[in-house]
Amino acid sequence: MAWRIGVDSGGTFTDVCLFNDETGAIEIWKVSSTPDDPSRAIAQGVVEGLEKVGAKAADLAFLGHGTTVATNALIELRGVKTGLVVSDGFRDLLEIGRQKRPNLYDMFAEKPEQLVTRDLRREVPERLKADGSAALPLDEDALREAFRALAAEDIKALAICFLYGFLNTAHEERALEIAAEELPDVFVSASHAVAPEFREYERLSTTVVNAYLGPVMQRYIRRLKDRLSDIGLKVAPQLTQSNGGVIGFDQASNLPVRTVLSGPSTGVVGAQAIGRMAGFANIITFDVGGTSSDVALLQNGVCQLTGEADVHGYPIKAPMLDIHTVGAGGGSIAHVDTGGLLKVGPRSAGAHPGPVCYGLGNEEPTVTDANIVLQTLNPVEILGGRMKVRHDLALASIQRLADRLGVGVMETAQGIISVVTANMAKAIRVISVQRGHDPRDYALMAFGGAGPLHAARLARELDMARVIVPLTPGTLCALGLLLTDLRSDFALSRLMELSDAARPALEDGFAALAEQADVWFAAENIAADRRVITRTVDMRYAGQNYELSVTVPAGPITAETFAALEKGFEAAHRQRFGFIAEGEPIQLVTLRVEAAGIVDKAEFQKQDDHGPDAAGAKIGERDVWMSEAGGFVTCPVYERSLLKAGNVIAGPAIVEQMDTTTVLLPEMTGTVDPYLNLILEV
Numbered sequence: 001m002a003w004r005i006g007v008d009s010g011g012t013f014t015d016v017c018l019f020n021d022e023t024g025a026i027e028i029w030k031v032s033s034t035p036d037d038p039s040r041a042i043a044q045g046v047v048e049g050l051e052k053v054g055a056k057a058a059d060l061a062f063l064g065h066g067t068t069v070a071t072n073a074l075i076e077l078r079g080v081k082t083g084l085v086v087s088d089g090f091r092d093l094l095e096i097g098r099q100k101r102p103n104l105y106d107m108f109a110e111k112p113e114q115l116v117t118r119d120l121r122r123e124v125p126e127r128l129k130a131d132g133s134a135a136l137p138l139d140e141d142a143l144r145e146a147f148r149a150l151a152a153e154d155i156k157a158l159a160i161c162f163l164y165g166f167l168n169t170a171h172e173e174r175a176l177e178i179a180a181e182e183l184p185d186v187f188v189s190a191s192h193a194v195a196p197e198f199r200e201y202e203r204l205s206t207t208v209v210n211a212y213l214g215p216v217m218q219r220y221i222r223r224l225k226d227r228l229s230d231i232g233l234k235v236a237p238q239l240t241q242s243n244g245g246v247i248g249f250d251q252a253s254n255l256p257v258r259t260v261l262s263g264p265s266t267g268v269v270g271a272q273a274i275g276r277m278a279g280f281a282n283i284i285t286f287d288v289g290g291t292s293s294d295v296a297l298l299q300n301g302v303c304q305l306t307g308e309a310d311v312h313g314y315p316i317k318a319p320m321l322d323i324h325t326v327g328a329g330g331g332s333i334a335h336v337d338t339g340g341l342l343k344v345g346p347r348s349a350g351a352h353p354g355p356v357c358y359g360l361g362n363e364e365p366t367v368t369d370a371n372i373v374l375q376t377l378n379p380v381e382i383l384g385g386r387m388k389v390r391h392d393l394a395l396a397s398i399q400r401l402a403d404r405l406g407v408g409v410m411e412t413a414q415g416i417i418s419v420v421t422a423n424m425a426k427a428i429r430v431i432s433v434q435r436g437h438d439p440r441d442y443a444l445m446a447f448g449g450a451g452p453l454h455a456a457r458l459a460r461e462l463d464m465a466r467v468i469v470p471l472t473p474g475t476l477c478a479l480g481l482l483l484t485d486l487r488s489d490f491a492l493s494r495l496m497e498l499s500d501a502a503r504p505a506l507e508d509g510f511a512a513l514a515e516q517a518d519v520w521f522a523a524e525n526i527a528a529d530r531r532v533i534t535r536t537v538d539m540r541y542a543g544q545n546y547e548l549s550v551t552v553p554a555g556p557i558t559a560e561t562f563a564a565l566e567k568g569f570e571a572a573h574r575q576r577f578g579f580i581a582e583g584e585p586i587q588l589v590t591l592r593v594e595a596a597g598i599v600d601k602a603e604f605q606k607q608d609d610h611g612p613d614a615a616g617a618k619i620g621e622r623d624v625w626m627s628e629a630g631g632f633v634t635c636p637v638y639e640r641s642l643l644k645a646g647n648v649i650a651g652p653a654i655v656e657q658m659d660t661t662t663v664l665l666p667e668m669t670g671t672v673d674p675y676l677n678l679i680l681e682v
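Once you know that position 544 of the sequence shown is 544 in the UniProt record's numbering, the rest is easy, because the numbers rise by one and skip nothing.
Each statement offered as a hint is correct.
Heads up, simulated DSSO-like pairs for lysine-lysine below, C-alpha to C-alpha not over 27 Å straight-line:
no. : residue 1 : residue 2
1   : Lys111    : Lys100
2   : Lys644    : Lys52
3   : Lys56     : Lys225
4   : Lys111    : Lys156
5   : Lys601    : Lys644
6   : Lys81     : Lys156
7   : Lys343    : Lys111
8   : Lys618    : Lys644
9   : Lys601    : Lys56
10  : Lys225    : Lys156
11  : Lys343    : Lys426
12  : Lys225    : Lys81
13  : Lys234    : Lys52
14  : Lys426    : Lys111
15  : Lys606    : Lys52
16  : Lys225    : Lys52
17  : Lys618    : Lys606
18  : Lys388    : Lys618
19  : Lys606    : Lys644
20  : Lys388    : Lys52
21  : Lys426    : Lys100
22  : Lys81     : Lys111
23  : Lys618    : Lys52
24  : Lys52     : Lys601
25  : Lys234    : Lys56
Have a look at the derived ranges for each label pair, beta carbon to beta carbon:
no. : residue 1 : residue 2 : range
26  : Ala512    : Pro553    : 18 to 24 Å
27  : Arg144    : Pro346    : 42 to 48 Å
28  : Gly339    : Val633    : 32 to 38 Å
29  : Gly630    : Thr117    : 54 to 60 Å
30  : Glu566    : Tyr105    : 38 to 44 Å
31  : Ala152    : Glu566    : 52 to 58 Å
32  : Gly611    : Lys388    : 32 to 38 Å
33  : His335    : Leu136    : 51 to 57 Å
34  : Val682    : Glu363    : 37 to 43 Å
Hints were generated in silico from the structure; no laboratory data involved.
Source: prediction; values computed, not measured.
Note that CB positions come from ideal geometry on N, CA and C, so glycine has one too.
Take the sequences, apply the hints, and build the full model.
Quick look at the structure:
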């Protein structure tokens, strides 16, 4: 069983990456996604990919899968009818939230739709104090009455969230027992199992999202299990979490909220591994798909985890890689707004009908159509010749837009690229400049189907000197699945001052989290010598309303531990905010443990240097419109699979491969490194 396979299911394409443990060979494959049932495209991609390498599903040693099922169900509000039971007096907390206005000066801003309507929210008499002690016992009769009323409404999922339920789980645990009796066929989520942390509204929102998505994810996983079994898969498949690790299908079914960034997270994991191999510690990742662009910052080879994020208007407290997303992808639609200005996205043409050039009925121009017209993309065929495109249809759609704007068709196509580049640059500034990092100190790693297509212009916009294009950029998220470990995160909120008096609570808290990790290790059958535990704690100055994550040194909790925490917090605070508040008391807020089960991963072989001459990889020439050159310029076209380690390409040039196209601008060179990454430099 030499083959390992990673599958990334996106909105436009489903990517498959196969790795041979014995030979180190990498093969990639793409099929169109099937949004009505993503499992269909996944099974198809696995079968076709295996046929390409002459293997069978029974030969697989590993199958990992990244999905957008939970994300899309949340965005498109395709979850199930959900009920909610809360402490007496907190029925409207879900709607009140933090009373924050995300768009302060927008008089017409709309709040996201509530996932649980008010008539499906029930209050139950019970109350815990801020120290977790019971002020009022749980009224079980009232609870049963609430459950029966919700059953009459034919709910499919139920969220339970009691005040201070993260400190004392007794009331929520009893509510789960009663729910099993009264609502045996309903998916139930309790806050202490989903997000055992402080901040009542965010904990409530996370629990509701988990319940809302639960049956959707269960149905999807059930179908996918059946399809993979039908094609002969013998190993247990794994699913990516938002934290970059993978978990078994059963845990993913119970905690779908932890998979909302499943797809993008593995791209970051892949970029991390490739950056380490290629010798680049500081990287900004740039992942462009059909619908969106995802960016993340890796400092010293590490992407920070965040414990809380706002996903399409819904606060979620769950461990996830710090990834920022904007609606700027190859399928993003270009349009003229009410002020007569050119805008691109966030609406997308998706997989069906897709860009105009696909010839499937769409008439609104997209970023892909602009690249077809400019001929940065092959105007005849893409995907290595597997997919024909219609240059004439793309040109006609851009012409209609140009007529509305009153400018030339080529200027309009270039304008679309300039606008989408500005959108992408804005996203990168959010995760770099706004957090105290200078993007000029980082290399840009471009991947996704359209990342390398736009990377050179984006790097120029941000004054970044170097771009890294991996060997298989269009399927890096799928490859990342072969480079990650099994992973789960556990948290415990305990507010206390950073002082020696906190030592017993800190020791007890981490001991409790370690016990939870041990249970998870056992459930996942992870051998003792493959278990790794990392401890962190969220810290803040007293009175602040935000926390920063600081690593806790391994070993017993000692005076040196507290000194290291203080030093680490001050360094993180200075990095993020530019100052430290000397003399102000520091608080420990939430203790966290990351449990990792180390698995065998794909390993890449270093290639021999073949010298700078890349003539053997040149397959032709193409006239490409480049504003940097003042119009059309004749560019050599290279086939990526024919490039050898040490080869050097001078821009302007085009590099084509099955999964993407790379653009080199004038005065730019591309060098193939020993691991066959293409390094672009000014």
